[in-house]
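Trainee: Chain by chain, the residues:
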Amino acid sequence: MHLIFFQNVSKIYPNGVHALQNVDLQINNGEFVLIIGESGAGKSTFNKLITREEKATSGEIIVNNINLSTLKERKIHLLRRSIGMVFQEFRLISKMTVYENVSFAQESIGVQRDLIRNNVHQALESVGLSSKANRFPHELSGGEQQRVAIARAIVNDPKIILADEPTGNLDMKTASEIMNLFEEINKKGTTIIMTTHNKEFIERTTKRIILIDNGSILRDLKEKVLTS
Amino acid sequence: MTVTSVSSLAFMLFLVGVTLLLLMNLNHITNKVENNVEIQVYLKDTNSTELKTLWKTIESNEKVSSIDFVSKNEGLQSFMKNLGDEGAAFQTLKNDNPLNDKLVVKTEQPQDVSLVANKIEKLAQVDKVEYAKNVVAPLLMSTKLARFLGGIFIICLTLISGHLVSNTLKITVLARKQEIQMRKLIGATNYFIRFPFIVEGSFIGLLGALIAVVFIGIGYYFVYSYFNKYVNLAFVELIHPYQLLPISCLLLLVFGAFIGIWGANSSLRRILKI
Numbered sequence: 016m017h018l019i020f021f022q023n024v025s026k027i028y029p030n031g032v033h034a035l036q037n038v039d040l041q042i043n044n045g046e047f048v049l050i051i052g053e054s055g056a057g058k059s060t061f062n063k064l065i066t067r068e069e070k071a072t073s074g075e076i077i078v079n080n081i082n083l084s085t086l087k088e089r090k091i092h093l094l095r096r097s098i099g100m101v102f103q104e105f106r107l108i109s110k111m112t113v114y115e116n117v118s119f120a121q122e123s124i125g126v127q128r129d130l131i132r133n134n135v136h137q138a139l140e141s142v143g144l145s146s147k148a149n150r151f152p153h154e155l156s157g158g159e160q161q162r163v164a165i166a167r168a169i170v171n172d173p174k175i176i177l178a179d180e181p182t183g184n185l186d187m188k189t190a191s192e193i194m195n196l197f198e199e200i201n202k203k204g205t206t207i208i209m210t211t212h213n214k215e216f217i218e219r220t221t222k223r224i225i226l227i228d229n230g231s232i233l234r235d236l237k238e239k240v241l242t243s
Numbered sequence: 322m323t324v325t326s327v328s329s330l331a332f333m334l335f336l337v338g339v340t341l342l343l344l345m346n347l348n349h350i351t352n353k354v355e356n357n358v359e360i361q362v363y364l365k366d367t368n369s370t371e372l373k374t375l376w377k378t379i380e381s382n383e384k385v386s387s388i389d390f391v392s393k394n395e396g397l398q399s400f401m402k403n404l405g406d407e408g409a410a411f412q413t414l415k416n417d418n419p420l421n422d423k424l425v426v427k428t429e430q431p432q433d434v435s436l437v438a439n440k441i442e443k444l445a446q447v448d449k450v451e452y453a454k455n456v457v458a459p460l461l462m463s464t465k466l467a468r469f470l471g472g473i474f475i476i477c478l479t480l481i482s483g484h485l486v487s488n489t490l491k492i493t494v495l496a497r498k499q500e501i502q503m504r505k506l507i508g509a510t511n512y513f514i515r516f517p518f519i520v521e522g523s524f525i526g527l528l529g530a531l532i533a534v535v536f537i538g539i540g541y542y543f544v545y546s547y548f549n550k551y552v553n554l555a556f557v558e559l560i561h562p563y564q565l566l567p568i569s570c571l572l573l574l575v576f577g578a579f580i581g582i583w584g585a586n587s588s589l590r591r592i593l594k595i
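If you read the sequences in order, they're chains A and B.
16 is the number of the first residue of the first sequence in the working numbering; add one for each residue after it.
322 is the number of the first residue of the second sequence in the working numbering; add one for each residue after it.
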């Protein structure tokens, strides 16, 4: 059973824009997938369909055994609890400390207070920011802020991490560190779906690459094995 | 901003409360007048048998609730008493009383007065019929109109108040927009997100209502005292504060909380759609 399943999915916005056209796609548990394409290709729409921020105009989408076409509004939160999100612009809450930004994710899904502390510290440790729990976002570098965002995304132990251009605002060195972090998370079994147009990553990566252009999948390059 | 909203809301709820009290008192006065509307049936010279027949005929009408007989002497006494000291001048009329015997008829419903009076007027032994024709119908119509207009006024104030609370909370919502959106994407339920705003909204509503209630309570107490002291009209009396204020104040508090909650929900509607 696929973790993410798209069958003949199309999305047409009210203004007439065909964001996605007849997309067929399957992503399995534990995969690391790069979605690449120019601006306006349909990458963001693809992400929004997975989180049900948008509803497909036609076709079937199944995420984590949940059929999104028939999913009722009042149950959407259950789908989203299995997805951790990381954004290009980090989206940390500026008036909250690092600790609070991460615990915020646990509070939002109703985790008991006595469990939150332990979970948050574990998440911060896995991204290497335990010592900065009391700092505010503006006191951190870009790379550190993105690490906090990743900690927030993983603290609820999601099945999927959806990363939308997570290295877009970072320099090469920091971007590389962030990519390594995602690799470590993926090794523990979390499926990673990352949209990017970072050419250097794409050229060096061995991960599965899906190329989207004009709302359609042009190429789906499976994970390749590097030979010396 | 919250202080401004609470005071504006208090003012609007004050107006709602005043309208409510006006309508309740109008209702009270109307009921009193309605319950005392009598038909004065002046009789021609009748003997006791004719009187009995007339009585039975009137009594047989199901809309009639009571009939009383007032002899012409009793009528004259009552007339002289109503005039006070000046009534003594009519003492000489006792031997040549120009008044007729009369029947005083009351109806089950005040709306039936005209109908019953018209029927009685046609009866043989009846000289003439009098009732407050020029008071009952206009009073009933005025009460209906006042209720209708009062209702519209209260609805308008409710909508404005709800809008006011919603706008106040929208500022807080906007300030926390990023946080709310993230909570939605992380998987928080709408209830979890709404709850703090509902608490804030009902607090604003209750506080506004409380201020309105204090002013209404003090104001009505003074109005009632003044009315009792200086206004002396038959059937026109205000409801006692201890009877009226507890229930109307409680209604206002509940109403205020409701407006607060409604305003809170309204402020979040758009942002919760993601």
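By construction, these hints were calculated from the structure, which means they are not laboratory data.
It is possible that some hints are incorrect.
Stated by the list, open to error - Here are the simulated lysine-lysine pairs, BS3-like style, with alpha carbons at most 25 Å apart:
{"id": "1", "chain 1": "B", "residue 1": "Lys498", "chain 2": "A", "residue 2": "Lys110"}
{"id": "2", "chain 1": "B", "residue 1": "Lys384", "chain 2": "B", "residue 2": "Lys402"}
{"id": "3", "chain 1": "B", "residue 1": "Lys443", "chain 2": "A", "residue 2": "Lys70"}
{"id": "4", "chain 1": "A", "residue 1": "Lys202", "chain 2": "A", "residue 2": "Lys188"}
{"id": "5", "chain 1": "B", "residue 1": "Lys353", "chain 2": "A", "residue 2": "Lys90"}
{"id": "6", "chain 1": "A", "residue 1": "Lys174", "chain 2": "A", "residue 2": "Lys90"}
{"id": "7", "chain 1": "B", "residue 1": "Lys384", "chain 2": "B", "residue 2": "Lys353"}
{"id": "8", "chain 1": "A", "residue 1": "Lys237", "chain 2": "A", "residue 2": "Lys63"}
{"id": "9", "chain 1": "B", "residue 1": "Lys365", "chain 2": "B", "residue 2": "Lys465"}
{"id": "10", "chain 1": "A", "residue 1": "Lys90", "chain 2": "B", "residue 2": "Lys498"}
{"id": "11", "chain 1": "B", "residue 1": "Lys440", "chain 2": "B", "residue 2": "Lys402"}
{"id": "12", "chain 1": "B", "residue 1": "Lys465", "chain 2": "A", "residue 2": "Lys87"}
{"id": "13", "chain 1": "B", "residue 1": "Lys440", "chain 2": "B", "residue 2": "Lys377"}
{"id": "14", "chain 1": "B", "residue 1": "Lys377", "chain 2": "B", "residue 2": "Lys393"}
{"id": "15", "chain 1": "B", "residue 1": "Lys427", "chain 2": "B", "residue 2": "Lys465"}
{"id": "16", "chain 1": "B", "residue 1": "Lys427", "chain 2": "B", "residue 2": "Lys373"}
{"id": "17", "chain 1": "B", "residue 1": "Lys427", "chain 2": "A", "residue 2": "Lys63"}
{"id": "18", "chain 1": "B", "residue 1": "Lys365", "chain 2": "B", "residue 2": "Lys384"}
{"id": "19", "chain 1": "A", "residue 1": "Lys87", "chain 2": "B", "residue 2": "Lys377"}
{"id": "20", "chain 1": "B", "residue 1": "Lys449", "chain 2": "B", "residue 2": "Lys498"}
{"id": "21", "chain 1": "B", "residue 1": "Lys393", "chain 2": "B", "residue 2": "Lys465"}
{"id": "22", "chain 1": "A", "residue 1": "Lys70", "chain 2": "B", "residue 2": "Lys353"}
{"id": "23", "chain 1": "B", "residue 1": "Lys365", "chain 2": "B", "residue 2": "Lys353"}
{"id": "24", "chain 1": "A", "residue 1": "Lys110", "chain 2": "A", "residue 2": "Lys90"}
{"id": "25", "chain 1": "A", "residue 1": "Lys174", "chain 2": "A", "residue 2": "Lys63"}
{"id": "26", "chain 1": "B", "residue 1": "Lys384", "chain 2": "B", "residue 2": "Lys491"}
{"id": "27", "chain 1": "A", "residue 1": "Lys110", "chain 2": "B", "residue 2": "Lys449"}
{"id": "28", "chain 1": "B", "residue 1": "Lys384", "chain 2": "B", "residue 2": "Lys440"}
{"id": "29", "chain 1": "B", "residue 1": "Lys365", "chain 2": "A", "residue 2": "Lys63"}
{"id": "30", "chain 1": "B", "residue 1": "Lys465", "chain 2": "B", "residue 2": "Lys443"}
Trainee: The structure should be examined with respect to each hint, and the outcome stated for every one.
Mentor: Right, here's what the structure says about each hint:
no.	hint	result
1	Lys498(B) <-> Lys110(A)	13 Å, holds
2	Lys384(B) <-> Lys402(B)	31 Å, violated
3	Lys443(B) <-> Lys70(A)	78 Å, violated
4	Lys202(A) <-> Lys188(A)	21 Å, holds
5	Lys353(B) <-> Lys90(A)	58 Å, violated
6	Lys174(A) <-> Lys90(A)	17 Å, holds
7	Lys384(B) <-> Lys353(B)	19 Å, holds
8	Lys237(A) <-> Lys63(A)	23 Å, holds
9	Lys365(B) <-> Lys465(B)	38 Å, violated
10	Lys90(A) <-> Lys498(B)	22 Å, holds
11	Lys440(B) <-> Lys402(B)	31 Å, violated
12	Lys465(B) <-> Lys87(A)	47 Å, violated
13	Lys440(B) <-> Lys377(B)	14 Å, holds
14	Lys377(B) <-> Lys393(B)	21 Å, holds
15	Lys427(B) <-> Lys465(B)	22 Å, holds
16	Lys427(B) <-> Lys373(B)	18 Å, holds
17	Lys427(B) <-> Lys63(A)	76 Å, violated
18	Lys365(B) <-> Lys384(B)	24 Å, holds
19	Lys87(A) <-> Lys377(B)	72 Å, violated
20	Lys449(B) <-> Lys498(B)	78 Å, violated
21	Lys393(B) <-> Lys465(B)	38 Å, violated
22	Lys70(A) <-> Lys353(B)	63 Å, violated
23	Lys365(B) <-> Lys353(B)	31 Å, violated
24	Lys110(A) <-> Lys90(A)	30 Å, violated
25	Lys174(A) <-> Lys63(A)	17 Å, holds
26	Lys384(B) <-> Lys491(B)	58 Å, violated
27	Lys110(A) <-> Lys449(B)	87 Å, violated
28	Lys384(B) <-> Lys440(B)	11 Å, holds
29	Lys365(B) <-> Lys63(A)	94 Å, violated
30	Lys465(B) <-> Lys443(B)	31 Å, violated
In summary, the numbered hints that this structure violates are 2, 3, 5, 9, 11, 12, 17, 19, 20, 21, 22, 23, 24, 26, 27, 29 and 30.
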